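Chemist: Spelled out, the chains give:
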Amino acid sequence: RKEVEQDPGPFNVPEGATVAFNCTYSNSASQSFFWYRQDCRKEPKLLMSVYSSGNEDGRFTAQLNRASQYISLLIRDSKLSDSATYLCVVNFYSSNTGKLIFGQGTTLQVKP
Amino acid sequence: DTGVSQNPRHKITKRGQNVTFRCDPISEHNRLYWYRQTLGQGPEFLTYFQNEAQLEKSRLLSDRFSAERPKGSFSTLEIQRTEQGDSAMYLCASSLATSLVLGTIYFGEGSWLTVV
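Line order of the protein sequences matches chains A and B.
When the letters of the first sequence are read in order and numbered with our numbering, they come out as residues 1 to 112.
When the letters of the second sequence are read in order and numbered with our numbering, they come out as residues 1 to 116.
There could be a bad hint or two in this list.
Stated by the list, open to error - Below, simulated BS3-like cross-link-like pairs (lysine-lysine); rule was C-alpha separation at most 25 angstroms, straight line:
#1 Lys-42/A x Lys-2/A
#2 Lys-42/A x Lys-79/A
#3 Lys-111/A x Lys-79/A
#4 Lys-57/B x Lys-71/B
#5 Lys-14/B x Lys-71/B
#6 Lys-111/A x Lys-42/A
#7 Lys-2/A x Lys-57/B
#8 Lys-45/A x Lys-2/A
#9 Lys-42/A x Lys-11/B
#10 Lys-11/B x Lys-45/A
#11 Lys-57/B x Lys-45/A
#12 Lys-79/A x Lys-45/A
It is worth saying that the hints were derived from the structure and are not from the lab.
The model shown is predicted, which means the values in this text are computed figures rather than measured ones.
One chain only, chain B, in its complex shape (with noise of 0.2 angstroms):
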């Protein structure tokens, strides 16, 4: 399978504690994205990488939420303290570039995190 790949896909956690999410882009995406989607809602922009660079970062990225991209492949979203609030499905993209303007980002299955 050469889609994007998440892992883990479900993660149930307590209050508090801290989670980590993978998110593996397609090979030769050096565009990659994170969006929070909840129930009944479209999917929210948190922050965006392309090659190793962090280029923007919603307002909806508090200081508990960290992104990384360190080698410009796989990226990491961390979770610190988690809050209820925090329970949602984190979905990872991929793009190229130049394919932006077509609207051609691809997206994983997500990983769903409950927060108890």
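With the rest of the complex left out, here is chain A (with noise of 0.2 angstroms):
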């Protein structure tokens, strides 16, 4: 079992949909939660951190579920800009160590 795991896609959408992403990890002991999104031919991006309480981000709203091991993305009101990849993030050691471990990604394909 991949240690992050995400839904590959594509999803296409028309402009002005919402389009949810979701993703689970494996490691319960995951301490801090991230989404980066890397535009085509690109290096990656941070694009939000996820706390356990939700957070949002002008049309991006992201969430944590602890118990499930699962993280999800909304973004509200598509624009044909948020096409991209959307990359799922975890860093499953304390803050002084480790490294971030990414999932395979979810591409979103807006169209006009």
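From these two lone chains plus the hints, build me the complex, please.
Modeler: Written as structure tokens, this is what we have:
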């Protein structure tokens, strides 16, 4: 089983749609959680952190369910510019050690 | 440009040849990471350094792979006797150790390797 699993998609949605991505992680000792965005043939960049209480950044909402080891990302009012691959990322260790583990990514294509 | 710099950006090599990639991290960052990414997959962790010490290596990093960070600044990743399965994008990233909890690692643009 992969340490971080995502539905690869692709998700094809019209502009203005709401879309949700899910992610599960295997290690219950995981400490911190993130969503990264990766444009085609570019490097990944941090989109947002995911907090236990859930958090929002504009049109983006991230949620974490530690009991189910589940993370989600909701994008409202999709824009053409949201087309990218969204990577679920987990840090299994404490803040002073370890590394980020990436899921395989979920591809989003927003159509006009 | 003060971001993470990688070179060469593209490398085509024949099977069996050795290749070396270089990464120059953001200057004040003490952590440096190497990841590998193939088409349709997320970045896979290979190894990381804190200053000059290599603290962890993935089992993906076979004996043909070696990474160094001799002075705690730039790093090199060498692949010996390349195989077609080594074809991938090799990503370098850097961070402050204290910022990992924030998920703020900064990637370079990657080095694309094609083994023919």
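Chemist: Does each hint hold? Answer for all of them.
Modeler: Results of checking the hints against the structure:
{"no.": "1", "hint": "Lys-42/A x Lys-2/A", "verdict": "holds, 24 angstroms"}
{"no.": "2", "hint": "Lys-42/A x Lys-79/A", "verdict": "holds, 19 angstroms"}
{"no.": "3", "hint": "Lys-111/A x Lys-79/A", "verdict": "holds, 9 angstroms"}
{"no.": "4", "hint": "Lys-57/B x Lys-71/B", "verdict": "holds, 19 angstroms"}
{"no.": "5", "hint": "Lys-14/B x Lys-71/B", "verdict": "violated, 31 angstroms"}
{"no.": "6", "hint": "Lys-111/A x Lys-42/A", "verdict": "holds, 21 angstroms"}
{"no.": "7", "hint": "Lys-2/A x Lys-57/B", "verdict": "holds, 18 angstroms"}
{"no.": "8", "hint": "Lys-45/A x Lys-2/A", "verdict": "holds, 22 angstroms"}
{"no.": "9", "hint": "Lys-42/A x Lys-11/B", "verdict": "holds, 16 angstroms"}
{"no.": "10", "hint": "Lys-11/B x Lys-45/A", "verdict": "holds, 24 angstroms"}
{"no.": "11", "hint": "Lys-57/B x Lys-45/A", "verdict": "holds, 23 angstroms"}
{"no.": "12", "hint": "Lys-79/A x Lys-45/A", "verdict": "holds, 18 angstroms"}
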